[in-house]
Amino acid sequence: MNWEYIHKFLPLYEKAAGLTIKLGVIGILFAIIIGLACAVIQYYKIPVIRTIVAIYIELSRNTPLLVQLFFLYYGLPKVGISTNAETCGIVGLAFLGGSYMAESFRSGFEAIDQIQEESAMSLGMNTYQTMRYVILPQAVSISVPAFVANIIFLLKETSVFSAISLMDLMFTAKDLIGLYYKTTESLILLVVFYLLILLPVSMFGTWFERRVRYAGFGT
Amino acid sequence: MEENILTVEHLRKEYEGNVILDDVNLSVKRGEVVVIIGPSGCGKSTLLRCINALENIQSGTIRLQDEVIEAGAKNLAKIREKIGMVFQNYELFPHLTVIENILLAPVKVQKREKKEVREEAVKLLERVGLKDKAESYPRQLSGGQKQRVAIVRALCMNPEILLFDEVTAALDPEMVREVLDVMLELARQKRTMVIVTHEMQFAQAVADRVLFIDEGKIMEQGTPEELLQHPKTERTKQFLNIFHYEK
Numbered sequence: 017m018n019w020e021y022i023h024k025f026l027p028l029y030e031k032a033a034g035l036t037i038k039l040g041v042i043g044i045l046f047a048i049i050i051g052l053a054c055a056v057i058q059y060y061k062i063p064v065i066r067t068i069v070a071i072y073i074e075l076s077r078n079t080p081l082l083v084q085l086f087f088l089y090y091g092l093p094k095v096g097i098s099t100n101a102e103t104c105g106i107v108g109l110a111f112l113g114g115s116y117m118a119e120s121f122r123s124g125f126e127a128i129d130q131i132q133e134e135s136a137m138s139l140g141m142n143t144y145q146t147m148r149y150v151i152l153p154q155a156v157s158i159s160v161p162a163f164v165a166n167i168i169f170l171l172k173e174t175s176v177f178s179a180i181s182l183m184d185l186m187f188t189a190k191d192l193i194g195l196y197y198k199t200t201e202s203l204i205l206l207v208v209f210y211l212l213i214l215l216p217v218s219m220f221g222t223w224f225e226r227r228v229r230y231a232g233f234g235t
Numbered sequence: 136m137e138e139n140i141l142t143v144e145h146l147r148k149e150y151e152g153n154v155i156l157d158d159v160n161l162s163v164k165r166g167e168v169v170v171i172i173g174p175s176g177c178g179k180s181t182l183l184r185c186i187n188a189l190e191n192i193q194s195g196t197i198r199l200q201d202e203v204i205e206a207g208a209k210n211l212a213k214i215r216e217k218i219g220m221v222f223q224n225y226e227l228f229p230h231l232t233v234i235e236n237i238l239l240a241p242v243k244v245q246k247r248e249k250k251e252v253r254e255e256a257v258k259l260l261e262r263v264g265l266k267d268k269a270e271s272y273p274r275q276l277s278g279g280q281k282q283r284v285a286i287v288r289a290l291c292m293n294p295e296i297l298l299f300d301e302v303t304a305a306l307d308p309e310m311v312r313e314v315l316d317v318m319l320e321l322a323r324q325k326r327t328m329v330i331v332t333h334e335m336q337f338a339q340a341v342a343d344r345v346l347f348i349d350e351g352k353i354m355e356q357g358t359p360e361e362l363l364q365h366p367k368t369e370r371t372k373q374f375l376n377i378f379h380y381e382k
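Going line by line, the protein sequences match chains A and B.
Everything in the first sequence is counted per my numbering, starting at 17 for the first residue and increasing by one.
Everything in the second sequence is counted per my numbering, starting at 136 for the first residue and increasing by one.
So here's chain B without its partners, still in its complex pose (with noise of 0.2 Å):
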């Protein structure tokens, strides 16, 4: 029994008069791991702001499971705290610790005991290498570093959906690989997500499904080897050519 946990329906988004998404549809199912691609200002990011209503959509619906995503909704906070959001930039708290950043939301939003978050907490940034970071402000933190604690901390919210806004961008290159371990770990532990990236060879190797999004429509999506090794259409290709280097 497959249940879908996100799905989209002709999602449409305008933003003073231009058109970023037009009927965009998508489904996500739990323990899928799906990777959307595409140029610089297609849409991705956005579509994944709308997904977590921080933007205004024109037309269509979003739902996680069974409630509709909808920014100004009463129970939009109830339903944020199931989706797992991380940012290009990281975007922890400067005036809390690392644990303080991660225990804010678990404690505060869901109040639930402090001892037994931290120790879930503790866990996770054991499994990401951070343990002895805990009482390190983000500030002595390196990018890598830094990132991989804002993704332990959208997890301690136990998220139903995780989605990633191109988390390795704004990194130095020899940080890009600790930040994917991370995430293909979670991708084996079943984790549904969803993940906005430029990383081709990292999208092969964690992808159950890959979108390939330009001028706000999906153009074309299939598994990792249909869509990177054989893609059908004329632009995929192209834009699958920038990645290639031929001597």
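In isolation and in its complexed conformation, chain A is listed as follows (with noise of 0.2 Å):
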């Protein structure tokens, strides 16, 4: 072990973790926002869209992040929409994940029953009222542990990045790994960033699905 070398190139794999975050985060909010109306959409059935949703969802969840990427990346510019790297990431993220989250939030929504949006209006609550104060708090919650997968599950699919040349942990790694030649000290501190971003994440996340099944389920 070099511990030379991991001195000297910890300072690379600090800015390709901010990449890795700043693009994990900024991709995974779209895939919620995605998700949630995806799944809004189809809990009202809203004809025509809901089909389109459905469609979206097939798509996004039966193709590779990889094919995703290299689509918007190579096949976009052909067709005259020019794109960076950076945005092609993010709308690469936002669209793959916005199916996978709309898969959580949807059994969140199939959870609960017809008859709570009954009381809800027979309260004269109107629409958006019983979707904002009574369904989608409910159906949000019990989402929680599939969405915090979906997060985790997204966050380490940013790896792919490399391959459209960002320079993220993954890239950075390969990289330092065909010029030194130092494949364990590469490898080990791609693992060990890669943990330092999604331990916490996961820690969080069980904390979070405790705190939201004992603040009012659990019957």
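Calculated directly from the structure, the hints in this document are not laboratory data.
Note that the structure is predicted; figures quoted are calculated from it, not measured.
Heads up, the beta-carbon is just placed ideally off N, CA and C, and yes, glycines get one too.
Take the hints with a grain of salt, since some may be wrong.
Mimicking DSBU-like on lysine-lysine, the simulated pairs with C-alpha atoms at most 30 Å apart in a straight line are [claimed, not checked]:
#1 B/K250 - B/K217
#2 B/K352 - B/K217
#3 B/K213 - A/K61
#4 B/K243 - B/K217
#5 A/K61 - B/K243
#6 B/K268 - B/K217
#7 A/K38 - A/K61
#8 A/K61 - B/K209
#9 B/K213 - B/K164
Covered stretches of chain B, going by a simulated chain A footprint (3 or more residues, C-beta under 8 Å) [to be verified]:
#10 242 to 256
#11 352 to 363
Since each chain comes alone in its own frame, lean on the hints to assemble the complex.
Okay, here's the thing in structure tokens:
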């Protein structure tokens, strides 16, 4: 183990981790918004849009992120839409994550009895109020375990970004191995940095699940 | 001057080709307590759900005072504010505490002052013996307690009329009483109520008028004495006999 090497390249990894976190957080935020929107559309069974959502979900879940990124990065410029690698990464992650988030929220919506909605409406709530104060909070708390699993999955998926030459953790590790042949050190640093990012997320998830569960569920 | 709060005229409800309610006519005056009895599947719960436009109807009209109640109507939410409904399985919101359950609609829908509604809610909770449960979650309450909270939640909207849909049917026997006592108290306060129940002695005690519904039709109606003690039709007699035990 060459500690000097590790010490020397630590700043590179830190920078790469910054990029991984930045693209991951932004992409996942969009994924959550897309997922929630899709789940609500499916809940209300809005005609036409609902079919579009179903097609999107199948398309997104059944193609690898790598392929999706290639399409965005190499395909879009061919039809005249110029994109940079970071935007592609975020869009790709949001496209993939949106469907996973949609599915986790859908399971939450489906777990709620229809009479909860009737109960809210009989109190004079309109559709929006019923969704906002009664259905959504329950659906989201039921979805939390699946939701947290998705966040971890999507953060790990960012490792594919290296394929479109984004200098994320994976790219940095591969680059350094190619340049200096210090495979062990490079890979150990890679693992450590992914763990540093993901372990807190995972621990927060466990804590959050418990909190939500005890705050009114578990009957 | 007796004012009709609720008027149902020639109501017909079909579901998948079956007639659930057929030419139902009913009017409820202010302060009147109407109890609906009848065998399972006769349409009594459906009638209550129609009154709240939770069901589509095929023909007829339902009016609350002067306003027509229709599924899909623009002012439906506004009308529903005036109709308090209590369900068989309480349907409290499990993610909210008792007090949050009660305050939600008055504050968000009626835009009333939270402090003012809270005071009213606490007073009502005290009257039903649940003041110390205000901060509890529904899952921490018994069935009877949940049902009393559901009644308070409906009352806090200051409704013109209260609908009770077999509110004691899902309760353990020893909890039935505590809920019925609350309803008797409401009747004494001259609240306008329509109650669907299988508790015949309770019907006798609380009702101004009893309706017997069978096969989607109102078969017979009258004062509790008339209908429950001296039923006229064979079908009513037959039904009431189910509740009698002889050695």
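Exercise for review: Return the numbers of the hints above that this structure violates; sort them in rising order.
Suggested key: Those not satisfied are hints 7, 11.
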